[in-house]
Structure formats: structure tokens, C-alpha cells
Amino acid sequence: MWQGVIPAVTTKFTPEDTLDFKEMQRCFQYLMDAGCDGLIACGSLGEGPFLSHAERIDVLKLSKEVCGSKPALLTVAEASSKEACALAEKGARAGADGLMVVPSTIYHTNHQETVANLRAIAAAADLPVMIYSNRIAYRVDVTTDMLEELADDARFVAVKESSDDIRRSTEIINRLGDRYDLFTGVDNLAFEALTAGAKGWVAGLVVAFPHETVAIYKLIQAGRYAEALTIYRWFRPLLDLDVSSYLVQNIKLVEAMVIESNERVRLPRQPLQGEVRSRAEAVVRAALATRPVLPQLA
Numbered sequence: 001m002w003q004g005v006i007p008a009v010t011t012k013f014t015p016e017d018t019l020d021f022k023e024m025q026r027c028f029q030y031l032m033d034a035g036c037d038g039l040i041a042c043g044s045l046g047e048g049p050f051l052s053h054a055e056r057i058d059v060l061k062l063s064k065e066v067c068g069s070k071p072a073l074l075t076v077a078e079a080s081s082k083e084a085c086a087l088a089e090k091g092a093r094a095g096a097d098g099l100m101v102v103p104s105t106i107y108h109t110n111h112q113e114t115v116a117n118l119r120a121i122a123a124a125a126d127l128p129v130m131i132y133s134n135r136i137a138y139r140v141d142v143t144t145d146m147l148e149e150l151a152d153d154a155r156f157v158a159v160k161e162s163s164d165d166i167r168r169s170t171e172i173i174n175r176l177g178d179r180y181d182l183f184t185g186v187d188n189l190a191f192e193a194l195t196a197g198a199k200g201w202v203a204g205l206v207v208a209f210p211h212e213t214v215a216i217y218k219l220i221q222a223g224r225y226a227e228a229l230t231i232y233r234w235f236r237p238l239l240d241l242d243v244s245s246y247l248v249q250n251i252k253l254v255e256a257m258v259i260e261s262n263e264r265v266r267l268p269r270q271p272l273q274g275e276v277r278s279r280a281e282a283v284v285r286a287a288l289a290t291r292p293v294l295p296q297l298a
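Position 175 of the sequence shown, counting from 1, maps to 175 under the UniProt record's numbering, and the rest follow consecutively.
Hints should not be assumed to be uniformly reliable.
[Stated by the list, open to error] Below, a list of computed lysine-lysine pairs in the DSS-like style, where the Cα atoms sit at most 30 angstroms apart:
hint : residue 1 : residue 2
1    : LYS90     : LYS199
2    : LYS82     : LYS64
3    : LYS218    : LYS199
4    : LYS22     : LYS61
5    : LYS22     : LYS70
6    : LYS64     : LYS22
7    : LYS82     : LYS61
8    : LYS218    : LYS82
9    : LYS218    : LYS61
10   : LYS218    : LYS90
11   : LYS70     : LYS218
12   : LYS61     : LYS90
13   : LYS90     : LYS22
14   : LYS199    : LYS61
15   : LYS70     : LYS199
16   : LYS64     : LYS90
[Unchecked claim] Estimated spans, in silico, between C-beta atoms of each pair:
hint : residue 1 : residue 2 : range
17   : ASP165    : ALA54     : 25 to 31 angstroms
18   : ASP165    : ALA79     : 22 to 28 angstroms
19   : GLN296    : ALA137    : 36 to 42 angstroms
20   : GLN273    : ILE136    : 22 to 28 angstroms
21   : SER244    : ALA154    : 32 to 38 angstroms
22   : ALA116    : LYS22     : 40 to 46 angstroms
23   : GLU148    : GLN296    : 38 to 44 angstroms
24   : ALA123    : GLN296    : 26 to 32 angstroms
25   : GLN296    : ALA120    : 45 to 51 angstroms
Bear in mind the hints are in silico, worked out from the structure with no lab data behind them. All values reported here derive from a predicted model rather than from experimental measurement. Where a beta carbon is used, it is the ideal one built from N, C-alpha and C, also for glycine.
All chains, full assembly: derive it from the sequences and hints.
Written out as C-alpha cells, the structure reads:
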């Protein structure tokens, strides 16, 4: 159902801490014009949890407007099943093409609880679901055994695999074949996952470098691995900025430096300062100074 590069977009704010729809529209359209294959709104490790449900639905609606016929997904990542189901229902009513669902964010659910929670959220929205498995961030691992158990529900169509173990991608494919559309959710494992059989990339740094991200994906799909690897090796220091507790500030700094957006974040986050900021700026400057010329793509 889903494949390709689907950015997890950043949320833009005005100086008054309200949603900046004009800037989001500009940034989202830039991604679609570069060849991205959809958008995911209100990411769980981004600022989605810092938004009210109403704000999240507004970001989703804008994403859907920009995506057109391509999928716009809403992230559902709530502490309780009740709140998750409520948000899932709101997303369905607002026209979401699907959901990206984190099984649990506060309480560390066991196997039975994880499966039951995912089933409840899928039933509440009755939409296609991308299961977001990230045992590093959330300490809840959606294992291959769980995926096999959930495979009897056709609403579960995809997996964002973020276990940080590249072997998991092969394990899922070996066990379940093409039952799920397998996406990599770790920027600095993208080449490895895509060459191992992942169909797509839920990307972060794509918001500032969409042409390079799309080029890596398309080159791999065309079997042009050496060309893709050259771009990926250049990209790696930037991609590492996505694997950080400061990923939101890092990515927004990159957007400010590369596409002239802004760094506004919602408290308690604050823009990068001091040595952390200097290191990130140095990575961006080095990348811009050596930015590759991209090959011709079909």
C-alpha cells in the first residue's frame, strides 16, 4: 500500500506559539515537489505530543491538502488506549489516509497489552495502520511474533522498524514475506535497511534535503547501489543528527540553515545553544560545502 520516502514533518510555530500554517504549507509543498511519497504529521518523538488534539488535526488537514492523492498519515502516540482511540477517531473523521501508531508511550506494555492496544486503536479509526516499533525510545518492542499475531487484521499494513537492529528487517521479511510494507525509521540506517528489502523510509533530515533523500531511495530501487552509497556517505553526518535527544532542535536548525525556515520550538524545548549548537552548525556547513551533484533519475 505504502512505499517510498515519507517525511515525518516538523511542526512550525509563530512567535506567539500558535501553528504557523503558511510556513508549514511552504515546507510541506517543498517536500512533495521534490518527489516525496506522502507525509506523516505530528511525530511522536517530535512535537506531536506537545500539541493539543485540535492542533494535531489541523496539521493533519494541512498535510492532506498538500499531499493530494498521496497519503497523509496522523501519528497516534498516547499514554492511554482511551486517548489514543479518541485521537484515531478524530483523525479518521478529518480525512487521514492512515495512522502511524506507537503502542505505548508511558506504561511499558507486555506482549498481550501491546497487541490489545494496537487492535483497539486500529478498530477505533478503521484506517490503514503503520505500526511504529521503537524499543529504544519507548521500551516497548513490537516483536516479529507480535506482527505475526496482528497479521490477521488487514488494517495493519506497514511497520516503521526502529529497533536499531538491522537484522530485524530481514527477520520480518523472512517470517512474514510481504505481508507488511516495511519502512525504516532510523535515518542513519536507511541505506542498510533499504538494501535489505525495506520498501520505504520514514525520514527526518529529508525536510531540509529532500532531493538527496529521494535520490538515495530511487537509486537503490534501480539497483544503482554504488551511486546511492556515495550520496549516503556524504549524508551520514547529517543523518546522525536525527538520532539524538535533540533531534527536533537539530532538524529545525538544519531547516533554518538550508531552506530558510525557523527554529521555533514549543517549550520546554529550546533552540540549541552553546557547544551543541556549534557542533550541529559545523556539520551542516561541511555538508553544504561538499553537497554532491545528483545523478539523473527516472
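To see whether the hints hold, each was checked on the structure:
Between LYS90 and LYS199, the direct Cα distance comes to roughly 28 angstroms. Compliance with the 30 angstroms bound is thereby established for this hinted pair. Using a Cα cut-off of 30 angstroms, the hinted pair LYS82 and LYS64 holds, with the two alpha carbons roughly 25 angstroms apart. For the hint pairing LYS218 with LYS199, the CA-to-CA distance comes to about 11 angstroms; that is within 30 angstroms, so the pair holds. Taking the CA atoms of LYS22 and LYS61, the gap is near 13 angstroms; set against the 30 angstroms cutoff, the hint holds.
Between LYS22 and LYS70, the direct Cα distance comes to roughly 20 angstroms. Compliance with the 30 angstroms bound is thereby established for this hinted pair. Proximity of LYS64 to LYS22 is assessed by CA-CA distance (about 15 angstroms); at most 30 angstroms being required, the pair is judged to hold. Of the supplied pair hints, the one linking LYS82 and LYS61 holds, its CA atoms being roughly 22 angstroms apart against a limit of 30 angstroms. For the proposed pair LYS218 and LYS82, the alpha carbon gap of about 40 angstroms is over 30 angstroms, so the pair is violated.
For the hint linking LYS218 to LYS61, the alpha-carbon distance of about 28 angstroms falls within 30 angstroms, and the restraint holds. The straight-line distance between the Cα atoms of LYS218 and LYS90 is roughly 34 angstroms, outside the 30 angstroms bound, and the hint therefore fails. Restraint check: the Cα-Cα separation between LYS70 and LYS218 comes to about 17 angstroms, which is no more than 30 angstroms; the hinted pair holds. Between LYS61 and LYS90 the alpha-carbon distance is near 11 angstroms, which keeps this suggested pair within the 30 angstroms criterion.
Between the alpha carbons of LYS90 and LYS22 the distance comes to roughly 23 angstroms, so the proposed pair stays at or under 30 angstroms and holds. This hinted pair checks out: LYS199 and LYS61 have alpha carbons roughly 26 angstroms apart, not beyond 30 angstroms. Restraint check for LYS70 and LYS199: the C-alpha separation of about 16 angstroms stays at or below 30 angstroms, so the hint holds. Pair hint LYS64 plus LYS90 holds up; C-alpha atoms about 14 angstroms apart against a cutoff of 30 angstroms.
Judged by the Cβ atoms, the range 25 to 31 angstroms given for ASP165 and ALA54 is violated: they are separated by roughly 37 angstroms. Taking 22 to 28 angstroms as the suggested C-beta distance range, the pair ASP165 and ALA79 conforms, at roughly 26 angstroms. A C-beta distance of roughly 38 angstroms is found between GLN296 and ALA137, which places it inside the suggested range of 36 to 42 angstroms. For the pair GLN273 and ILE136, the supplied restraint of 22 to 28 angstroms holds, since their beta-carbon distance comes to about 25 angstroms.
For SER244 paired with ALA154, a C-beta distance near 36 angstroms keeps the hint of 32 to 38 angstroms intact. A hinted range of 40 to 46 angstroms holds for the C-beta pair ALA116 and LYS22, which are about 41 angstroms apart. Restraint check, GLU148 to GLN296: a C-beta distance of roughly 41 angstroms satisfies the suggested window 38 to 44 angstroms. A beta carbon spacing of about 46 angstroms between ALA123 and GLN296 contradicts the range 26 to 32 angstroms that was offered as a hint.
GLN296 and ALA120 have their C-beta atoms about 48 angstroms apart, which keeps the hinted 45 to 51 angstroms range intact.
Figure legend: structure checked against the earlier numbered hints; hints not met, in rising order: 8, 10, 17 and 24.
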